[in-house]
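**Student:** Below, each chain spelled out in residue letters.
2 protein chains.
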Amino acid sequence: MCGIIGFTGKREAQSILLDGLASLEYRGYDSAGIAYFKDTGKISIRKTVGKVADLRAICDDDNNSTCGIGHTRWATHGGVTNANAHPHKVGNVALIHNGIIENYHELVETYDLQSQLISETDTEVAAALFNKLYNGDPEATIKKAVKLFCGSFAFCIMFKDHPGKIYAVRNVSPMVATYCKEGSFIASDLTAFIAYSKRYFIVPEYHILTMSADGILLHDLDGHAVEPEYLEVNWDVTAAQKEGYPHYMLKEIHEQPAAITRTIAPRIKNGLPDFTEDAIPDSFFENCSDITVVACGTAMYAGMVGRTLIQSMLKIPVTVAIASEFRYEEPVIGENSMVIVVSQSGETIDTLEALRLANKYTKKTLAIVNVKGSSIARESNYVLYTHAGPEIAVASTKAYTVQVASFYLLACKLGLVLHKIDETYAKDFIATLQKVPDTIAPLIEQADTIEQLTKRMINAQNAFFIGRGLDYTLSMEGALKLKEISYIHAEAYAAGELKHGTIALISEGVPVIAVASQQHVYSKVISNIREVKARGAYVILLSKDQSITDNSICDVHLQLPDTPDAFAIFSAVVIFQLIAYYASVGKGLNPDQPRNLAKSVTVE
Amino acid sequence: MCGIIGFTGKREAQSILLDGLASLEYRGYDSAGIAYFKDTGKISIRKTVGKVADLRAICDDDNNSTCGIGHTRWATHGGVTNANAHPHKVGNVALIHNGIIENYHELVETYDLQSQLISETDTEVAAALFNKLYNGDPEATIKKAVKLFCGSFAFCIMFKDHPGKIYAVRNVSPMVATYCKEGSFIASDLTAFIAYSKRYFIVPEYHILTMSADGILLHDLDGHAVEPEYLEVNWDVTAAQKEGYPHYMLKEIHEQPAAITRTIAPRIKNGLPDFTEDAIPDSFFENCSDITVVACGTAMYAGMVGRTLIQSMLKIPVTVAIASEFRYEEPVIGENSMVIVVSQSGETIDTLEALRLANKYTKKTLAIVNVKGSSIARESNYVLYTHAGPEIAVASTKAYTVQVASFYLLACKLGLVLHKIDETYAKDFIATLQKVPDTIAPLIEQADTIEQLTKRMINAQNAFFIGRGLDYTLSMEGALKLKEISYIHAEAYAAGELKHGTIALISEGVPVIAVASQQHVYSKVISNIREVKARGAYVILLSKDQSITDNSICDVHLQLPDTPDAFAIFSAVVIFQLIAYYASVGKGLNPDQPRNLAKSVTVE
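Order-wise, the sequence lines are chains A and B.
Counting with this note's numbering, you get residues 1 to 604 for the letters of the first sequence.
Counting with this note's numbering, you get residues 605 to 1208 for the letters of the second sequence.
Calculated from the structure, these hints are not laboratory results.
Backbone N, C-alpha and C define an ideal beta-carbon position, used for all residues, glycine too.
Treat the hints with care, as some may be off.
Stated by the list, open to error - Covered stretches of chain A (in silico footprint by chain B; criterion: 3 or more residues with CB under 8 Å from a CB of chain B, positions within the stretch not fixed): (1) 75-87; (2) 114-128; (3) 322-336; (4) 421-433.
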C-alpha cells in the first residue's frame, strides 16, 4: 500500500505534494512526509505520524522548492512512529517506497548496514543500500541496487548532489508519470496529479526514470532509451470530488444507479448481451468447462454472487478462490477452465499474481476491472471494464455493484453461447437487469429510516448478517462493509449454519441483519431468524413482504422492491451500504478513511 | 435439537428420566421438563426454564410413577420461557417433541386450535391437534396426525386414558429404543439409557411404537407389525463419564492420540491404506473426477483440511459445501463425482438431506461418521466410521481430529488407486500419519503454559486466527472453538486476506493467533503478522521455530513439533482446543455446555 508522489518543475512543489498526498490518502494514512531540495542544494525532510493534515501543520508556509517527493504510509514493517515514516534519508540519498523488500534482513547483514539504521523499516535498509552503492552516478547505482532486492517496490529517489532531479524505478508496485507544462509528475495513482494532466503513462517495470523540470527520460536496465506510452483518461478532477456530499462514500452510494447503467448499457444490443466493443469473441465462452473466480475482499464477494448465479442458472461448476491462497496452491485449472479475476484498481497484487499463474494454465482469463490500463487489465487475455468512475472512499460501494452487474451480463452471455438458456429467457433476464437502477434509486432516498435504525447498533460489539443462497453471498459483503468502517465485528453466516457454533454469540440485543429475498428458502430463513430471536437478538429483516408485524420474527422490517429473486440482491446491498455508512457516522468515525485500511492493496 | 426420553417399566421413572436428560443436555438446555402418570391415572407435569439440575430441584423427592417422558429444550419457536418448555399437555394428550412443525400456522387455522394454546411453540399445536383428532384409539389418531405435519419430528406421547403406555413416532429427527429387563426405553440418543442396555434399535421413520412395561410393539402406518432390528454398541457408560477430568472437553482433548490410533490402525495393512474391513472396494475410488465435501460446522472445517490436502497432493478439484446451502442449490455433480458427507452424530439433518440429494446424482457417496447405524451411515453408499468414542462436550475436539485423520487416509488411498502417488510415497505418508499421536501427546502436557497465556485473552471482545494454506483451514476450526465456548467473537482469515477490510478491527491488544507451519508461505505469513503487530495486536504465533525473540513479530511463541508440513496441523489444533478451553474456564463458563448450542443439530 502507501501512496507516493514526486514533482519537479516550474512551480512550488510543496503544495503540489501535499494536495497530491491528500488524494492518495486512500492508500494509507498511518503517517505522511515530504522531502525537498532547498535552495542551498540540501535535502530537507518533514514527516509525522498521522494524516496529511497533520503533515501540513508542520510544513513551512512558504517553501520555494520546486522539486520534492511525498509519501503517505500504510505500515507493513515496524509500528506507526515518526522514525518509521517516509521519506528516509541515509547519507546522500533520500527516498520514498511503496512495497515490501522481503530480503531486507539479509541485505543488512551482507552490506553491513545496521549502524546506519534508526527505524524498523525495510525502506530505510533500501536507502542505506543505495547510499552504500552510490558512486556519483544515480542510474548506475539504481541498476546495481534493484538487482539485489527481493520483493515489490516503487521508489522515488533524490540524490543530494543532483538537485532538481528525481529518479524512480518499480517492480510490481504501481507508478504512473507524466510530463506537462507544469513539469514532471510521478505518483502511485493518476488522482494525485489529474488536476494538472489527463495524460499519463504507466512506468514500465525495471526501467529507470529520470525526472527534471525539462522532461522525463526512461531507460531500461541495459541503458537503452525507451519512449513512454501515453494514455488519456476520460474523467476529470471533479469526478474525484465530493460535490456537496458529506463523504465520498455517500456520494458513491448515490452514484450506483448511474454506474450500473454505464456498465451494462454499452453491452446490450437488441436486448441481448454483446461484448463486441470489449472485443471478447463468442469463442472465448465456448467449451467452458468450469470457472474459477479469483479476487480479494469485496471483489471476491462480488465473485461469490457470480458463483451462485452462474451455478444455479447454468449448472457449470464455479469456484471462488481467495487470491492470496490461490497463488500458493496447486490450482486445478484445465485449458477449458475460465479464470475470472476481479479488482477495482486492477493493481491488487495477490490478484495480479494469481492471474499470472492462471495464464500458465488457460487462455480463458478475463479481468473485471475498473481502472483502464491497470496491470491486471493489461495481463489478462480479455477485459470487461466496469464504468464505476473513480472510487475514492476506501470501502467499496459502486465498484462492487458494477462488478456484480458484470457477472449478470457474463452469466447471460455464457448461457447463450453454451445453449443453456434460450433467447427469450435471455431477453427477459437482460430486461430485468436494465430495470435494476430504477429499483434501487428509490431505496437510497430512504436513507433517513436507515439512519434511525442504525442508532440501535452503534454500541454493539458484534453483529451478524444471515441469509441463504444469493442472500448469503450478499451477506458477506454486508458484514465486510460494516466491519471496515464502523469497527463492529460483523460476520456473515449461511442462515442454516449459524447454529453449528456461532449462535453461542447471540445474546440480548446482538444485531442480526437477515435477508429473505429468495422464495424457495424463505420459510427456512424465517425459522432460522426465530432461533436467534428466541435468544434475544435485535433482528433487522430485509424481505419483499409488504410488512411484518410479528415481533417474534423481527424488530425492524425493511421492504425490498418486488423484483425477481435473482435481482433482489442489488436492492439489499444498497441497504447494507447505508447501514454501514450511518453506523460509522453515528460512531463519529470517518467512513471514507477507516483505520488501518488502504484502498488499493499492493502488498501481499 | 432438543433431547427426549421416555420410560415405562418396573422401576421408578423419575430418576431414570432425570438422569437420562442430564446425559442428553448436550442437545439443548434452554429448559427441561417431565410428565408422568400418577397412581391416580392422571398425568402430572414438572417443567422449568434452565438446566436439568433446575428441573430436579422442583421435582418431588419420592415419585413412584413407573411411566413418564422427559425433555430438554433447544428453543426454535418462541423464547425461553416456562410456558414454552416441554412437555405440552392439551386435553387428553401430553407430549414431547424434537424437530420443527413447519405448517403449524396452517394447522391452527384449519383445525381451529388457537383457543387451546398458551405457548408460542409449534409443539403445543401438535399436542392440540392430536387431542382434537383423538377418538380413544392412540394408534389411529397418530396415523391421522402424522400425515398432516410438514417438517421433522420425534414425538413421545401419553394419552390420559392409557396409563403406563408411551406412544412414539418420528420423521427425520432421531430416536432409538430398547426393551430390557428394567422395561421399555426410548430416547434421542443411546447415551440416555446406556446404563441399562447396550442393545438398542433405531426407530424407523413413520412407524408407530407402543411401549409398555411388558415390551415394545412396532407397526407401520398400514398397521403391519414390524420386528425391530437390534444393534449393540461396543462402548459402555464409563466411556461417557468424566473420569476425574473437570470437564468432558478436557477429557476428550486428552483422548485424541488414542482416538486417532483407533481410527487409523485398522485401516493400515503393510504400511498402506486399506479399507477392506469397511468393505469399500478400490473401484469406488476409480474414475473419481472431482470431490464435494458436504457438512456443517466443525465437520465442514475438517472437510476444508481435506480439500486443501487432496487438491495439493492429487490435483483433483475438491469443493467444500455448507450442507444447509448445498441442499437448496442445484448441485453440479456428475456420476464420477465423489460426495463425502461428514458428521459426528450421523444425524445432522442438513447433512442427511444433502446426502439424499447427492445420492440422486452419483453412486460415489461416502460418509465419515462417528455413530454406528446413524441415519447418514445407513443412507450413504459407503461409510468410514471414525472411532472417537462418545463425544459429550458440545464443542467437538476428538471427533474433529479423527475426521481429519480419515481424510488423510482417503487422500492416500485415492492417490494410489488413481496412480497419482506411488507406493513409496504412500508408505512414507502413512508412516508419518501413524506418528501423529506421538507428536501431539506431549503438547497436551503443556496445558499449563497455554492456560497462562489465555489469561491475556479473557477480556477480549474479538480475536482473529490467521494462516495460509492448511494453516488457514485449521484456523477456521480454531476460531469456531473459541467462539463456541468462550463467546469471544473469533474469526479466521486467510493471512493475506485480512488487509482487505478486516484489519480495521485490529487495535491495541486484540488477540491474533497465527500459524506458520507451512514452509512455502512462511515468510508471507510473517509479513502479515508484522502488519497486525504494527497496529498493536497481541500476537500468539505457532510455528516450528525453536524460538522467536523478535517482539516485532509476536508476543508469545508456541513451538510446534518438527513434523512434515502436511502433518503440523494436528499439533496446532490441539493448541487451539486448549486455548478455547482455558479461555472458557477462565471466564467462569462451562465449556461443556455453551449457551444456545446443542451437540447434534437435528433441525434445519
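**Student:** All hints are to be evaluated individually against the structure, with a verdict given for each.
**Tutor:** Structure-based check of each hint:
1. 75-87: holds (count 6)
2. 114-128: violated (count 1)
3. 322-336: holds (count 8)
4. 421-433: Violated: only 0 residues of the region 421-433 of chain A have a Cβ under 8 Å from chain B.
Hints 2, 4 from the list above are not met by this structure, while the remaining hints are.
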